[in-house]
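Listed below are the residues making up each chain.
There are 2 protein chains.
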Amino acid sequence: MAVYTEVSDEALTTFLAGYGIGTLLSYKGIAEGVENTNFYLHTTSGSYILTLYEKRVRAEDLPFFLNLMEHLAARGLACPQPIRNRDGVALGELCGRPAVIVSFLDGVSVKRPQPDHCRALGRALAGLHEAGADFGMRRDNNLSVASWEPLFRIAEAQADGVSPGLAGRVRADLAVLQPNWPRGLPAGVIHADLFTDNVFFIGDDLSGLIDFYFACTDSFAYDLAICLNAWCFEADGTFHRDRGAALISGYEAVRPLTEDEIAALPVLCRGAALRFLLTRLVDWLNVPPGALVQPKDPLEYDRRLTFHRGAKRAADYGWSG
Amino acid sequence: MAVYTEVSDEALTTFLAGYGIGTLLSYKGIAEGVENTNFYLHTTSGSYILTLYEKRVRAEDLPFFLNLMEHLAARGLACPQPIRNRDGVALGELCGRPAVIVSFLDGVSVKRPQPDHCRALGRALAGLHEAGADFGMRRDNNLSVASWEPLFRIAEAQADGVSPGLAGRVRADLAVLQPNWPRGLPAGVIHADLFTDNVFFIGDDLSGLIDFYFACTDSFAYDLAICLNAWCFEADGTFHRDRGAALISGYEAVRPLTEDEIAALPVLCRGAALRFLLTRLVDWLNVPPGALVQPKDPLEYDRRLTFHRGAKRAADYGWSG
Chain A
1 MAVYTEVSDE ALTTFLAGYG IGTLLSYKGI AEGVENTNFY LHTTSGSYIL TLYEKRVRAE
61 DLPFFLNLME HLAARGLACP QPIRNRDGVA LGELCGRPAV IVSFLDGVSV KRPQPDHCRA
121 LGRALAGLHE AGADFGMRRD NNLSVASWEP LFRIAEAQAD GVSPGLAGRV RADLAVLQPN
181 WPRGLPAGVI HADLFTDNVF FIGDDLSGLI DFYFACTDSF AYDLAICLNA WCFEADGTFH
241 RDRGAALISG YEAVRPLTED EIAALPVLCR GAALRFLLTR LVDWLNVPPG ALVQPKDPLE
301 YDRRLTFHRG AKRAADYGWS G
Chain B
1 MAVYTEVSDE ALTTFLAGYG IGTLLSYKGI AEGVENTNFY LHTTSGSYIL TLYEKRVRAE
61 DLPFFLNLME HLAARGLACP QPIRNRDGVA LGELCGRPAV IVSFLDGVSV KRPQPDHCRA
121 LGRALAGLHE AGADFGMRRD NNLSVASWEP LFRIAEAQAD GVSPGLAGRV RADLAVLQPN
181 WPRGLPAGVI HADLFTDNVF FIGDDLSGLI DFYFACTDSF AYDLAICLNA WCFEADGTFH
241 RDRGAALISG YEAVRPLTED EIAALPVLCR GAALRFLLTR LVDWLNVPPG ALVQPKDPLE
301 YDRRLTFHRG AKRAADYGWS G
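Read top to bottom, the protein sequences are chains A and B.
Going by the working numbering, the first sequence opens with residue 1, and the numbers climb by one from there.
Going by the working numbering, the second sequence opens with residue 1, and the numbers climb by one from there.
Watch out, some of these pointers could steer you wrong.
Now the in silico label distances, taken between C-beta atoms and shown as ranges [what the hints assert, rightly or not]:
{"no.": "1", "chain 1": "A", "residue 1": "T306", "chain 2": "B", "residue 2": "V287", "range": "40 to 48 Å"}
{"no.": "2", "chain 1": "B", "residue 1": "E54", "chain 2": "A", "residue 2": "P150", "range": "36 to 44 Å"}
{"no.": "3", "chain 1": "A", "residue 1": "V176", "chain 2": "B", "residue 2": "Q158", "range": "52 to 60 Å"}
Computed from the model, here is a short list of chain B residues facing chain A with C-beta under 10 Å [said to hold, decoys possible]:
{"no.": "4", "residue": "S103"}
{"no.": "5", "residue": "F104"}
{"no.": "6", "residue": "N286"}
Honestly, the hints are just simulated from the structure, not real lab data.
Ideal Cβ placement from N, Cα and C applies to all residues, glycine included.
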């Protein structure tokens with residue numbers, strides 16, 4: 001949520017000369033995304049977003065993300081489309097950073113999603129999974145179950161200082177999840193970070209999905225589990241069953257879940273919550289001095305885990321077969 | 001340069017319903033302006049800037065600023081035009097802050113102005129002074145000569161820690177400027193903060209002036225002196241005489257300076273530099289913990305003052321009569 005890199009008018013004008021998108025009319029640094037610098041660009045040909053990738057995005061992952069957005073946009077998914085420069089290349093460099101221009105998507109993120117938003121999200125998520133089916137690249141999910149133990153080790157000693165008993169609760173979750181993590185579920189490209197910030201609506205209609213920088217190859221149902229966590233709980237841990245039911249039924253209207261996926265949903269939801277608890281906890285304990293970004297509260301996910309620990313069946317999340 | 005106040009989609013949609021500018025398509029927090037929260041707004045009727053005024057802008061000054069922008073825009077000056085709501089009122093309230101929507105201006109700020117930019121600026125500045133001639137409101141310049149002694153007192157004890165000898169140099173400048181500050185020069189509405197950030201160009205053409213939140217009633221030539229400081233020096237204090245000549249001649253192409261103004265130019269330039277030195281010094285010494293904004297270097301103006309102390313005539317700034 002900050003402009004980490006200043007870009008001068010001269011540097012930007014030179015950079016834009018390499019693209020066939022007209023001349024610069026305006027650009028503004030925008031508070032979008034946590035880890036990159038983003039500018040709203042207005043040129044004689046339209047509106048765009050310019051992203052400069054800061055250090056937390058690995059440059060070697062960028063071709064996966066950019067090719068994926070191009071692939072999905074070509075299949076009709078409403079997502080930012082990378083603009084290729086005059087040499088046919090989408091990935092450029094500006095002010096010493098990898099830099100990309102993508103098409104601008106209209107739409108607004110909802111802070112308090114209603115069941116209709118969740119139903120639209122479910123449809124779009126399944127559409128993404130289908131549109132990615134013939135995408136030729138692969139990227140492992142480096143924040144899946146194998147990463148949780150090492151992440152926990154970084155935070156373990158300080159965890160009880162954040163919330164009494166937190167270390168023990170995480171240890172118990174790991175002991176359940178590691179041996180029982182589902183294998184062999186239907187898999188492919190997943191978004192893996194489809195929080196409300198990354199989904200746009202115009203009025204009640206879903207207008208687009210953004211921020212593919214956690215996208216990877218993993219189980220489709222795990223992506224649904226992430227969305228159930230991100231869209232269907234209050235910060236205090238209260239689960240909204242009506243939102244969950246709408247999200248799942250929207251998803252199944254496009255891509256019905258298999259029996260294995262339905263059976264795995266509670267453990268996937270619990271794992272997804274643990275993943276966000278752990279990454280948030282590590283960030284919370286490692287705020288650099290002078291940070292421009294307020295870290296997100298890890299305990300929101302500790303409270304969601306209370307619900308997940310008691311959930312036994314997909315029906316507990318609103319699935320009604 | 002930060003979003004100090006988060007605005008939810010629901011709060012913004014409710015706020016916009018009070019205006020006749022269509023429905024919301026998109027909004028982004030932008031890193032524009034140092035002291036307020038600004039959003040780029042896109043609606044079905046076009047593009048706008050939404051500003052929420054944070055604590056450093058005095059609410060009682062807002063009618064002056066808003067009426068002035070409306071007055072100037074009506075006289076053809078390219079500046080943001082406040083949008084009145086359905087009740088005919090431009091000043092609203094959103095998230096507990098005074099809030100205003102203005103028209104969006106295309107254009108880009110130049111980081112390294114060339115003489116042609118300075119000439120265009122001079123013309124626009126004189127145009128602003130002429131367009132403001134029949135503006136009915138008045139606002140004293142609370143950062144003029146009378147304020148400098150009190151500002152200096154806040155910073156005096158720590159000044160030499162910022163740069164050895166700084167306190168003595170400022171004291172000597174005050175001793176020269178206070179008794180010799182020009183009175184009775186042609187006066188009216190001035191912008192008083194026309195730094196490069198606040199002037200937009202499209203290609204080589206000046207496309208607009210923004211950020212009227214220091215505008216006040218004062219000598220026109222003082223506004224020109226502020227621009228000479230802001231546009232015609234390097235950070236190391238080097239004066240670009242070609243830029244100064246272009247700025248002054250551009251100004252005089254629209255509004256010729258009087259003899260008194262020409263004679264006063266060196267002392268006005270020295271005063272303008274001292275004003276920015278002092279406000280930057282106070283900010284520099286009072287950065288709040290957790291500040292999102294990097295304070296600007298006061299010593300840039302100490303170095304400009306070295307030039308001003310040696311300047312005797314308008315010709316030293318490029319004026320050629």
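Against the structure, the hints come out as follows:
{"no.": "1", "hint": "A:T306 / B:V287: 40 to 48 Å", "in the structure": "holds (41 Å)"}
{"no.": "2", "hint": "B:E54 / A:P150: 36 to 44 Å", "in the structure": "holds (42 Å)"}
{"no.": "3", "hint": "A:V176 / B:Q158: 52 to 60 Å", "in the structure": "holds (58 Å)"}
{"no.": "4", "hint": "S103", "in the structure": "violated (13 Å)"}
{"no.": "5", "hint": "F104", "in the structure": "holds (8 Å)"}
{"no.": "6", "hint": "N286", "in the structure": "violated (17 Å)"}
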